[in-house]
Amino acid sequence: MLTFLDVMERATAGPISTEEDFNLKVLVPNVRKIVKQFDIRYDAANPVTTDDALARRLFDAAVEFIAQTGLYCTGTNRIIRVERDEILRAAQEISGGGTFGEGKDRRTFQPRRPDDATPPWCHVGTGIVASSEEIAMAQVEGYGSIRQASSVSIPAFGRVRGMPVLGGSPLEIYASAASVQAARKALWKAGRPGLPILNLISSATTATAMIAATHPAFGLRASDGWLIDFIAEMKVNYETLNRLAFILITGGNVGSTCLPILGGYGGGAPGTALIMTAYHLLGMLLFQGSYQLTGPVHFKHSCSTTRDGLWIFSVVGRATSLRTRYPAIALGYGAAGPCTKMYFYEAAAVNLCAVSSGFAGVQTVHPAKAIITDGVTPLEAEFNVAMAYAATKVQATRANELVNQLLAKYETEIERAPEGKRYQECFDVATRKPSEEYVRLYEQVKEELRGMRLEIGD
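Our numbering puts the sequence shown at residues 13 to 470.
Simulated from the structure, these hints should not be mistaken for laboratory data. Treat the hints loosely; a few may be bogus.
Each computed PhoX-like pair below joins lysine-lysine, with the alpha-carbon atoms no more than 25 Å apart [stated by the list, open to error]:
1. Lys201 x Lys445
2. Lys45 x Lys197
3. Lys116 x Lys197
4. Lys312 x Lys353
5. Lys445 x Lys458
6. Lys201 x Lys247
7. Lys197 x Lys445
8. Lys37 x Lys48
9. Lys201 x Lys116
10. Lys247 x Lys353
11. Lys37 x Lys201
12. Lys421 x Lys353
13. Lys353 x Lys458
14. Lys458 x Lys405
15. Lys353 x Lys48
16. Lys197 x Lys247
17. Lys405 x Lys421
18. Lys421 x Lys458
19. Lys421 x Lys312
Assemble the whole structure, with the sequences as input and the hints as a guide.
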């Protein structure tokens with residue numbers, strides 16, 4: 013396995029290139045060439061694939077793509093080269109994910125395979141900005157109250173005493189530390205003090221703020237998880253590598269993270285699936301991750317729930333779960349917001365795709381493209397957990413039929429998806445309970461899904 017110093021040596025001694033030349037002369041041509049060479053074809057009629065031969069070709073294509081393309085470091089204007097045998101050796105050697113949490117909530121993140129009846133790791137919540145500490149604590153307390161929750165994401169703080177939190181400012185450090193403290197207090201109130209936080213640190217846009225807020229005085233533990241992001245597409249910078257260096261030398265769990273752009277440098281669904289699979293392998297090898305957090309984001313619609321986005325989830329989940337034991341969490345972005353039927357249809361589709369295709373974990377599908385302050389509630393998290401468990405009782409062939417039925421309910425509405433409601437508009441902040449209107453809508457959707465022969469719990 014490569015060490016961090018091996019990565020840095022390649023980042024400072026690899027082939028020199030401008031970023032534009034890397035994009036236009038290396039990245040884009042290699043995507044097109046390798047998609048064609050390995051016959052990676054998008055099947056719009058089947059958003060949940062059952063084609064193991066395609067999945068294996070996609071994995072092999074990703075290995076070849078990495079070997080020919082490398083990873084561009086914007087801090088040095090050099091390409092980090094990776095050999096085929098290094099990738100394949102890492103895939104063979106890794107035995108599973110990290111161990112997270114404390115006390116009764118301590119557990120090891122295990123991989124899954126397609127059509128696996130084992131429930132996935134349920135990562136609940138989002139990093140969507142909260143307008144106040146009160147709202148953030150109400151959200152996290154709700155997440156911690158979900159019995160099947162394996163880990164949580166915590167909200168980012170957008171303001172401190174009315175002042176906007178700007179990246180690189182002292183307020184960013186303050187907000188990052190405060191968000192962690194608030195989350196720990198909320199989990200304690202929910203009776204789950206040992207539940208791990210796996211989106212560290214949502215309020216931190218810089219390595220400085222992340223490192224500062226990781227001080228144990230604020231409540232973080234080595235058994236939590238820190239997100240280290242790739243840059244779209246096939247790039248890292250010194251901010252990324254500074255974060256990575258700190259977490260590796262302090263023994264934390266790295267969550268290698270990527271959100272490839274569908275319609276960006278990868279082009280359509282086949283090229284985006286190729287890049288997403290490559291990130292899985294690079295997160296395992298170069299970032300030495302304990303888990304991967306991943307999902308496509310549509311260039312035009314800013315969501316993951318389009319037909320081609322769902323196919324990417326499925327084919328990448330199948331490819332990576334068949335050929336590696338590096339556990340990945342599927343992260344979907346919905347177009348519609350809380351307290352809308354469309355959101356639940358989108359979330360159901362993502363869970364059916366991801367769980368039946370072998371993803372080890374699923375995260376709460378982020379409502380309203382994750383851009384609305386306070387735009388998420390614990391009821392969406394509860395629904396995603398219920399759907400993830402229901403999806404374990406469905407084979408991929410049946411999941412494909414169900415996803416097509418769900419797409420028929422919302423696919424034409426993506427461009428004009430309803431924003432839904434903010435937390436305080438459909439939950440009581442004091443009692444932490446949803447409104448009667450939201451409960452009625454939630455129960456209606458569950459009955460509708462049961463009518464589709466999905467065994468979704470109460």
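Going through the hints against the structure:
no.: 1; hint: Lys201 x Lys445; result: holds, 15 Å
no.: 2; hint: Lys45 x Lys197; result: violated, 52 Å
no.: 3; hint: Lys116 x Lys197; result: holds, 17 Å
no.: 4; hint: Lys312 x Lys353; result: holds, 22 Å
no.: 5; hint: Lys445 x Lys458; result: holds, 19 Å
no.: 6; hint: Lys201 x Lys247; result: violated, 40 Å
no.: 7; hint: Lys197 x Lys445; result: holds, 19 Å
no.: 8; hint: Lys37 x Lys48; result: holds, 17 Å
no.: 9; hint: Lys201 x Lys116; result: holds, 15 Å
no.: 10; hint: Lys247 x Lys353; result: violated, 37 Å
no.: 11; hint: Lys37 x Lys201; result: violated, 54 Å
no.: 12; hint: Lys421 x Lys353; result: holds, 9 Å
no.: 13; hint: Lys353 x Lys458; result: holds, 10 Å
no.: 14; hint: Lys458 x Lys405; result: holds, 16 Å
no.: 15; hint: Lys353 x Lys48; result: violated, 39 Å
no.: 16; hint: Lys197 x Lys247; result: violated, 36 Å
no.: 17; hint: Lys405 x Lys421; result: holds, 22 Å
no.: 18; hint: Lys421 x Lys458; result: holds, 15 Å
no.: 19; hint: Lys421 x Lys312; result: holds, 20 Å
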